[in-house]
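Please construct the entire structure, taking both the sequences and the accompanying hints into account.
Each chain, letter by letter, is given below.
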Amino acid sequence: MSTLHTVNKSPFEKTSLDACLSHASAGANVLLMEDGVYAATKGTAVEQRVKQALDSVKLYVLGPDLMARGLSEDRVIDGISVVDYAGFVDLAAENDKVQAWL
Amino acid sequence: MSETIKQFLYLNRKAPYGTIYAWESLEVVLIGAAFDQDVSLAFMDDGVYQLTKGQDTTGLGMKNFSPTYAALGDYEVKKIFVEKESLDERGLTLDDLQHLVWEDEDDDWAEKDSIKLVSREEMTAIMDGADVVFSF
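Chains as they are written, first to last, in our numbering: chain A, 124 to 225; chain B, 21 to 156.
Rather than coming from a laboratory, the hints here were simulated on the basis of the structure.
One or more of the hints may lead you astray.
[Stated by the list, open to error] Computed spacing ranges between beta-carbons, pair by pair:
no.	chain 1	residue 1	chain 2	residue 2	range
1	A	D141	B	E96	37 to 45 angstroms
2	A	G210	B	E23	54 to 62 angstroms
3	A	D178	B	D151	47 to 55 angstroms
4	B	T78	A	G202	21 to 29 angstroms
These numbers were taken from a predicted model, which means no experiment stands behind them.
Beta carbons are placed, not taken as given, at the ideal position from N, Cα and C, and that holds for glycine.
Take a look at the structure:
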């Protein structure tokens, strides 16, 4: 039973990311999208929290949302996979359900 | 009628695209520029993300409004304050932001920087000094 968690809020404005990472079980998939993509970038105040999560969950970030915000892929923390919309669809299809953290 | 010049401060604290605040703020600033007032823009918290360079929204199907910030100088908007602590928390530096300028007609139209990096303490003073604060 695998779950795809989606986080679409900035980690600096909402607790959505922290709540998600605190509740996602080992082996879960977490997709950062919309303003959630800021959590995927290097050098931020939440970088350690995100890196720590990589030990137990798989993290993805939506490429078009990075591009829109002027964030190139080389700013993304190592270990986080960049996916496009088709990749998002694949993730949704491969997992048993999608849980959104708003 | 006597003209009272007020100090207007537009305070931007939201990231672009995820919500409409950033775009709405820019529209209000441009409309407000038609009135002769002393206008300043402040960017702090997630608002600093509005000014990142290289924004490309083709994948989103949304309008990329970031080039409009470069036009602010032509609207006599010359004071743009960016909070350093907010950049630091987000792993950003001034180099990650657009280089915004205005032309000084009293100095042979020399291009001058619009963005001023300020500390949290300085931002507090900027807010205190404003007559009106518009929050976005």
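Status of each hint after checking the structure:
| no. | hint | in the structure |
| --- | --- | --- |
| 1 | A:D141 - B:E96: 37 to 45 angstroms | 42 angstroms, holds |
| 2 | A:G210 - B:E23: 54 to 62 angstroms | 57 angstroms, holds |
| 3 | A:D178 - B:D151: 47 to 55 angstroms | 52 angstroms, holds |
| 4 | B:T78 - A:G202: 21 to 29 angstroms | 27 angstroms, holds |
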